[in-house]
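Sequences listed follow chains A and B, in order.
With this note's numbering applied, the first sequence covers 330 to 748.
With this note's numbering applied, the second sequence covers 279 to 739.
Hints in this document: simulated from the structure, not taken from any laboratory.
Heads up, the beta-carbon is just placed ideally off N, CA and C, and yes, glycines get one too.
Be aware that one or more of the hints could be misleading.
[Unchecked claim] Quick list of in silico lysine-lysine cross-link-like pairs, DSBU-like style, CA-CA up to 35 Å: (1) 414/B with 363/A; (2) 348/A with 462/B; (3) 373/B with 698/A; (4) 414/B with 489/B; (5) 508/A with 363/A.
[To be verified] Just so you have them, the derived chain B footprint on chain A, three or more residues with Cβ under 8 Å: (6) 360 to 369; (7) 382 to 390; (8) 406 to 415.
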Amino acid sequence: MAKLKSLEDFRDEIDQCVKCGGCRAHCPAFGAEKHEGRVARGKIALADSLLKGDVDLEEKFLLDMSQCLLCGSCYSQCPNKVHTEDIVAATRREIAQRKGLSTFGKGVGAVLKNQGLMNLLAKGGGAFSKLLFKKIPEQSGMRLRFPAPFISSDRTLPPLTAKPFRERCPDIIPGDADKPTVLFFTGCGINFMYPESGEALLKALKFIGVTVIIPKAQVCCGLPAVSAGAASTVESLAEENLSVFQNNKYDYIVTACASCHSGLTQIYPGMGEEFGEFESKVKDIFVFLVEQGFADKLAELPKHKDQIKVTYHDPCHLRNHGITKEPRAILKALPQIEFVEMEDAGTCCGLGGTYSVYHYDTSKKIGSKKAGFIAQSGAELVATDCPGCMMQLQDSINHANEKQRAVHILDLVAEVLPE
Amino acid sequence: MLDKKIIASLQQISGKDQVLTDKADLICYSYDATQKQYLPDVVVHPSCAKEISQIMKLANENKIPVFPRGAGTGFTGGSVPTAGGIVLGLTRFDKILDIDEENLIATIEPGVVTADFQKTVEKVGLFYPPDPASLKVSTMGGNVAECAGGPRCVKYGVTKDYIIGLEIVTPTGDVIQTGGPTMKGVVGYDLTKLMCGSEGTLAVITKIIVKLLPKPEAKKTMLVMFGSIDGAAQAVSAIIRGKIIPTTLEFLDARTLDCVRQATDLDVPDAAQAVLLIEVDGDREFLDKQVTRISEIIQPLGVVETRIAETAEESEALWQIRRSVSASLRQVNPDKFNEDICVPRSKVPEMIRKIDAIADKYKIPIVNFGHAGDGNIHVNIMVDGKVDGDYEKAEKAIVEVFEGALALGGTMSGEHGVGIMKAPFIPLELGGAVIDYMKTIKKALDPNNILNPGKIFPSDA
C-alpha cells in the first residue's frame, strides 16, 4: 500500500533546521513578500509548533503554509539539507486531515478574499471549454492546477489539445534490438497541453533506435495533489502508476517533465518499499539522451548560418536533483541555436503546482523577475524541460509585454532531426 | 498580553497591516540562529524613522520592551524578544538611497541585505569589504549593530571601519544624526563608533553612511596543506612578517579536516593536519608575484601540498573544502555550541592546543576553524542534546575556552557579540568598573530599560 509520510514522520528533519536563515536568500515567495512566515525557516518553526500543540490551524497559519511553491530552492541551498518542501506538503496533508480538504480550500479562499482575488471566481471558468475539460480525468494534476472557478481570466494558457498525446501514439514503438527500451512517462502537461513535445521526444528516441513504450494506463504523477495536501489522491495515483511500472518490461522510465521526475524520484520512494526499485530507473530525457551519446550526434550536424539565441530556464525539480548540465549540453550541441546563459537561470518561475492558482499575484511577481532576466539575456526563445514552467514563463513574458517564446528543448531537437 | 489600546496605537502609527498579533505571526519572529525562542506580544514593521520615534515614545510611556530585528541571523540572541513586548522588524527599510562615486560613500537603509549592497556597489567598480558568512541574508543594520566581521577582515577591517555616519532613533524617541559624509570629523564624542557593536541596546539604526573602496581588479586563491597546526600558524606569522597582507587567511584544524574527509569525497590527504586557504587581491599583474612569494615563505614550514587556482572555477573548488565544513560537522554530533574567540594571531597554535586539551578532558569533540589571519577562531563544541550530561559538559568546556583565550590576551567574541548567550560570562573578560561604565551609558540613554533589554549584561550584575 502506498502511504505518504505524516508530519510526525518529519520530526527529526524539522529538528535539523538550525534557524540560520540562509533560506531567506533563495525562497521565491519570501523574495516577493518579505515576511518570515513565507520562508522555510518560518514554516519549519510553524510546523514544529503545530506538532507541539503550540499553535492552532488559524488563518495566518494556513496562509503561510499555502505560501510555498514546493520548489525546494531552500533545500538546494540549505547547509543541513532540510527538505522543507516535503515538510510543507506533509503539513498541508495534516491540515486536510484535521479540517478536511475543503476546509483548507476554504481557508485559502478566505485569504484570497483578503487579497481581492475572490472576484476571479465570478470572472473565471471560461479558460477551457467544458468539452475539452471533460477529457481530463478527475484526479489529473491538470484539474488541480486549473480548478475552473479559480482560474484567473488574466492568465494566458496554452490551448488544451483536442486529442491527448497518449491517444495519438501506439503503445509501443520498436527500435533496434541492441538498444535499451524505455517507458515514456508522459505526464499531464505533455498529454493535454504540449503533445507536440511528446512527439518530439519520440522522434529523438527513434533517431537513436531506442524502443519506446507508452502505456495508456499511466496516470498523473500526483505532484499537484501533493501540493494541495490531497493525500489519498496522491496515494491512489501512485498505486496506479506502480502497477504500470510493474506490468511492463523496460530498462528505464524517461520523463520530459521536471515535476513528474520529482514525483517519481522524490515522492514515490517514501511511500513504500515497492516503489524503491523504480527510483533508479527514472531518468530525465536529457540525462538519458546525453548518456546515449545523442549530444555528440547533434554536434556533428552542420551549424546553421543564422542561429537564433536561446537561453535555458532550470526547472526547480531538476535543479534540486543536480540535473543542470545535460539539458544545456543538448542545447549547446544544437546546430540552429546560439546558447546564451541568463542571470539566475536556476530561480523558480513562480508556478509551484497549485500555488499560482491560490496566489496568482505573488506568482506573477516572481514570474516578472524571471521575465526580466530572459529579456536581458537577449534570447528569442527560452527553452526548458517542464511543461509547467513553459506555461508560467510564457504567461510572465506576456505580462511583461515582451516577445520571447517559451519552448521545450525537445521542440528544438525535433526541428533538426529527419522525419 | 499588551493592552488593546497599545495595539490600536501601534496600528495608528504604522498601519493595520504592519502590526501582527496572530500566534502564527508571533512564532515567525520569535527566534534567531541561536534557536532560542521567545514569543513577542506584537510584531510591527514601521516604514520610517518618524514612526519608530512614535513607537519608542509609546513604549516608554507604557514601559514596553522593544526588540529591533533585521534578518534574525545572529548567533547570540541579539534580536530575540526575551521579554515579550514589541518586535520592531526593519525589513521595509530596504533602500540603497545613494551611491556617491565622487566621495566614495553610500547612504543606505538598515534593512538592505549585505550581499545586495555589495553587488550594487561592485557594478560601479566600488567595494564594501566586510563579509560575514551570513551576508546573503543578513542586513546592514544588523551588521552595524553587531559589528560583523568575516574572512576579508584580515586585510580590510570590520564593519565599524566603514561606518562614518548614522541616523538613529534614541531609546526615548529622538531622531538624531551621528557623524556624516566626511572622512574626518572630531566634533564631540564618536557616537557612530559607539553604536557599532552596541547590539541594538542604545538606539534603532534608521540610516547608514558607508565608506567604500575601489574594487580590487582581481584576486587569486591558494590552498596549502600543512603537516601540523604549528606549521600553518607559523606560516600565518611568516606571511605577515613578509609584509604581505592577504585578503583572506582561513584555517581548518585537524579535527575539522577529519570531518570533511568523513562527510565528503573532497581530496584531503591524510598527511594534512591543517589547511590554510589564502587569497590575495589587487592589480592582476601583482598577484602571481605575491602567490610565488607566499609559496617561498611557507615552503620550509612542513607544507604537504599547495594548490593554486588559475580560474574562477578552480578558486571555487578550493573554497569548497572551507564551505563544506558546517554541514560536515553534523557528522560528529547533531548539536553544536558555536563560539568565536579571538586571540593575538601569534597565539593561535597555543590556543588550539589548549582547546584540544579541554576536548580531551571533557571527552567531547571540539572542532576549530576560522580566520587565522586575525586570530579569530570558530570553536565548535559538538554535542548531542539527547545524551544526558552533554550540555552540562559543553557549558563547562565553554568557560574553560573563554578563560584560555583571555589568558592569552584574547577576547571571548571576535564577531558574534554577547547577546544573551555570552552575557553570563562577560565578567570573566570585563572588570566591574568597565561593566559599570557601560551600564551607566545604557541607563542614561535608556532610563526605562526598554530597548533590547536583557542583552549584553548579566542579569544579576
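Here is how each hint holds up against the structure:
Under the criterion of a C-alpha separation no larger than 35 Å, the hint pairing residue 414/B with residue 363/A is consistent with the structure, at around 14 Å. Distance hint between residue 348/A and residue 462/B is unfulfilled; the C-alpha atoms sit about 40 Å from each other, more than 35 Å. Taking the CA atoms of residue 373/B and residue 698/A, the gap is near 18 Å; set against the 35 Å cutoff, the hint holds. Of the supplied pair hints, the one linking residue 414/B and residue 489/B holds, its CA atoms being roughly 20 Å apart against a limit of 35 Å.
Restraint check for residue 508/A and residue 363/A: the C-alpha separation of about 51 Å exceeds 35 Å, so the hint is violated. Residue count for the segment 360 to 369 of chain A with a Cβ under 8 Å from a Cβ of chain B: 4. That meets the three needed, and the coverage hint holds. With 7 residues carrying a beta carbon less than 8 Å from a beta carbon of chain B, the segment 382 to 390 of chain A meets the three-residue requirement, and the given coverage holds. A stretch counts as covered by a chain when three or more of its residues have a beta carbon under 8 Å from one of that chain; for the segment 406 to 415 of chain A and chain B the count is 3, and the coverage holds.
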